[in-house]
Amino acid sequence: MKHKIALLLILIFSFFLYTFKLSTIPSSVYVDEATVGVNANLIMSRGVDEYGQSYPIYFRFFNAYTPGLFVYLIIPFIKIFGLNPFALRLLSAISGTISVYFFYKILSIFSKNALVGTVFYAIIPWTVFNSRLGYEVMFAATLFNIGCYFLLKNLSKISYLGLFLISLSTYASHTQRYLAPLFLFGYLIIFKKIKIKPIIFLLITQIPNILMIFTNSFWIKNNNLSLKFFIYQIINYLSPKSLFFNLPDIDLQHQIPSTSVFYWWMIIPLFFGIKKLITLDKKYKKFIILWFISSLIPASLSGEFISIQRALPTLFPLMIIISLGLSTNLFLNIFLFLYSLLLLFRSYFILLPKINAQAWDYGYEQLSKIILDTPNKKYLIDNTRNSRTYILPLFYLNLPYQNKIQNYYSAPTIPNIYSYSNLTFKSLNWVEDLSRYDFIVSDRLSISPDQAVEHKLTKIKTITTPNNTTVLDIYIINK
Amino acid sequence: MPKILSIILFLVSIIYLPFPISLFSLIIFLYLNKYLNKYIVIFGYILLFIFQIYSTRIQSNLEFSGYQNFLHQQNLDSYPPSLFRIGNIVENKIESPLFYRFRQNIFNCFDFVNYFKNYFITILFIPFIFGLIKLIKSSNKTFLNLLIISIVLLAFIGTDGKYGPLLLLPFIVNIISFYSCET
Chain A
1 MKHKIALLLI LIFSFFLYTF KLSTIPSSVY VDEATVGVNA NLIMSRGVDE
51 YGQSYPIYFR FFNAYTPGLF VYLIIPFIKI FGLNPFALRL LSAISGTISV
101 YFFYKILSIF SKNALVGTVF YAIIPWTVFN SRLGYEVMFA ATLFNIGCYF
151 LLKNLSKISY LGLFLISLST YASHTQRYLA PLFLFGYLII FKKIKIKPII
201 FLLITQIPNI LMIFTNSFWI KNNNLSLKFF IYQIINYLSP KSLFFNLPDI
251 DLQHQIPSTS VFYWWMIIPL FFGIKKLITL DKKYKKFIIL WFISSLIPAS
301 LSGEFISIQR ALPTLFPLMI IISLGLSTNL FLNIFLFLYS LLLLFRSYFI
351 LLPKINAQAW DYGYEQLSKI ILDTPNKKYL IDNTRNSRTY ILPLFYLNLP
401 YQNKIQNYYS APTIPNIYSY SNLTFKSLNW VEDLSRYDFI VSDRLSISPD
451 QAVEHKLTKI KTITTPNNTT VLDIYIINK
Chain B
1 MPKILSIILF LVSIIYLPFP ISLFSLIIFL YLNKYLNKYI VIFGYILLFI
51 FQIYSTRIQS NLEFSGYQNF LHQQNLDSYP PSLFRIGNIV ENKIESPLFY
101 RFRQNIFNCF DFVNYFKNYF ITILFIPFIF GLIKLIKSSN KTFLNLLIIS
151 IVLLAFIGTD GKYGPLLLLP FIVNIISFYS CET
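Residue numbers (my numbering), protein chains in the order written: chain A, 1 to 479; chain B, 1 to 183.
Don't take each hint at face value.
Stated by the list, open to error - Simulated pairs of lysine-lysine, DSSO-like, Cα-Cα distance not exceeding 27 Å:
no.: 1; chain 1: A; residue 1: 195; chain 2: A; residue 2: 282
no.: 2; chain 1: B; residue 1: 137; chain 2: A; residue 2: 112
no.: 3; chain 1: A; residue 1: 21; chain 2: A; residue 2: 153
no.: 4; chain 1: A; residue 1: 105; chain 2: A; residue 2: 2
no.: 5; chain 1: B; residue 1: 3; chain 2: B; residue 2: 134
no.: 6; chain 1: A; residue 1: 276; chain 2: B; residue 2: 141
no.: 7; chain 1: A; residue 1: 275; chain 2: B; residue 2: 34
no.: 8; chain 1: B; residue 1: 134; chain 2: A; residue 2: 286
no.: 9; chain 1: A; residue 1: 282; chain 2: B; residue 2: 137
no.: 10; chain 1: B; residue 1: 137; chain 2: A; residue 2: 286
Hint data in this document are derived by calculation from the structure and do not stem from the laboratory.
Whole structure, please, built from the sequences with the hints as guidance.
This is how it looks when you write it as structure tokens:
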């Protein structure tokens, strides 16, 4: 009973942590979140996405394709709360809270210290970060993890519910599309479950994906890597310096200032956890190692750069190992919990909204408000450095938009010019554009002060981040 | 007699290492294979320890670069006025730049990317992982104690020098060659 109450408190606390100031931290909506919201909204209102495709299996988001389950599932949230950051991010917060529950359930299979591990799982930076995102990564990882729980719980027989949930996760995120077959193949072989019935069951649940294999959309994110590069990527993901100190991910949007995936002190329980893992029951040990290794492979195969979000499935098995090595000393755990919360509060709730505001596409909400006040003026928004920003005013202003393309799943190339309402997003052309538009919006690199003088542009507004970094300048064209 | 695979791994892992480090790696390798006693290892370790201290720019570990000062100030400026006092305590005491540097030095010892990019052939990472797991399981106190002392020393003096974390390299060689082949 005591355990149940403690678990309930942890879940309530987790949900609070994942929803506290959810609309304003992170400080703005990132393009990947906006595209999910815009397309979910279009599906809800018109039954087609931004490219005119009716109820797609994979959504075309910019130049890549993403499995659509998350997009369909946030429609009810948009219907209830409207098209805003809270509605976009709430499903991830719920998924994060559910993942905390299943972390406890999994850990309690082979550890008496499950509550302690669960508390720390709930507050590690990477759980919190991903539970507050308006796109699919946490939701997909949670589906996969719940599936793993059912398989682990019923290792002597086959859990069809587990197989179904893992299979379902492939319709939620690109990473799980590779992880699920890898993991299930290993599971069926290692635990000697290669039988006709589960294989047919899996094939049936994978029919939509199998149909998509023959289209470009299925393969668009693939990269050809050498074995050396693949190992190098694995080293990068596994290096304690990356996991506990400094993220090597070059995408600032993936980073939390002054912290990494785990808290720095967790390197110590990791070593004790490995020692404990070795002594675990053989079948559990095999399962966790299979889970850990298979979850590393898709991330390592996925590209030239380190993307820690693609390695999110590794978080769960790695945290299980760390939890095995945690101390049972109550006072030490309370101290570490409070210290970790302080670090989380500092890095995520204080530093991230200010220091990383630019990486989160800060400024477009303010720009959208200005655009709304001048509906009859034509705007050119320079998109030389980021062609994806066209989606942000669509999100903030909830504008009607469609850019119909033929052969949706064949991944046709689309020029980086987007036009809707009184807005055009393209690279600035000094010869042609000055006579066509009333305003030019650009970042500091597109228009220098000398160029502004030379072309008779008057700066009417500068949009800055909360820590006073200029993100956008708005110029009026003097004709 | 050491296993053939163990000897091959040893030879491959010392290819890029300077001679004194290779020599000390060999001393540890022979000790682990019970050809030498621990006093020779400790004597060799002391020599390498001195070499590490002389080859490291310790001063650079005590000074903060302009960029680090900028980051520290940026963190301080991020706190809203109502939390400025707490911010001051957090940024200057609990998470002070000096403590950050100390942690950075420790994690530089665990920078697998650096080791397998600059000192060892990338593919040796696979036996390294197997060896590391075996090492965690093992109970060779001399090896473990010297390894821990090295990490503690490097946490204080840093690894900024011509040879980097040379004190750790012989241990990594033996994790790759000896421990990965242990049954």
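Given the proposed pairing of residue 3(B) with residue 134(B), does the C-alpha separation stay at or below 27 Å? With a Cα-Cα distance of about 16 Å, the restraint between residue 3(B) and residue 134(B) holds, given a limit of 27 Å.
### Task
Measure nothing beyond the straight line between the CA atoms of residue 105(A) and residue 2(A); if it is 27 Å or shorter, mark the hint as holding.
holds (15 Å)
* Hey, residue 137(B) versus residue 112(A), does the alpha-carbon distance stay inside 27 Å? -> holds (22 Å)
Review point. Does residue 286(A) lie within 27 Å of residue 137(B) when you go C-alpha to C-alpha?
Key: holds (17 Å)
* To do: Could you grab the alpha-carbon distance between residue 275(A) and residue 34(B) and see if it respects the 27 Å cut-off?
  => holds (25 Å)
| Has the given pair, residue 21(A) with residue 153(A), been kept, meaning a C-alpha gap of at most 27 Å? | violated (36 Å)
| said: residue 282(A) and residue 137(B) were given as a pair; does the straight-line alpha-carbon distance stay at or below 27 Å? | reply: holds (16 Å)
Below or equal to 27 Å on CA atoms is what counts here, so check residue 195(A) against residue 282(A). Holds, at about 22 Å.
Check your understanding: Holds or violated: residue 276(A) with residue 141(B), Cα cutoff 27 Å?
Key -> holds (19 Å)
Quickly compare the C-alpha distance for residue 134(B) and residue 286(A) to 27 Å and report which way the hint goes. holds (16 Å)
Violated hint: 3 only; the structure is consistent with all others.
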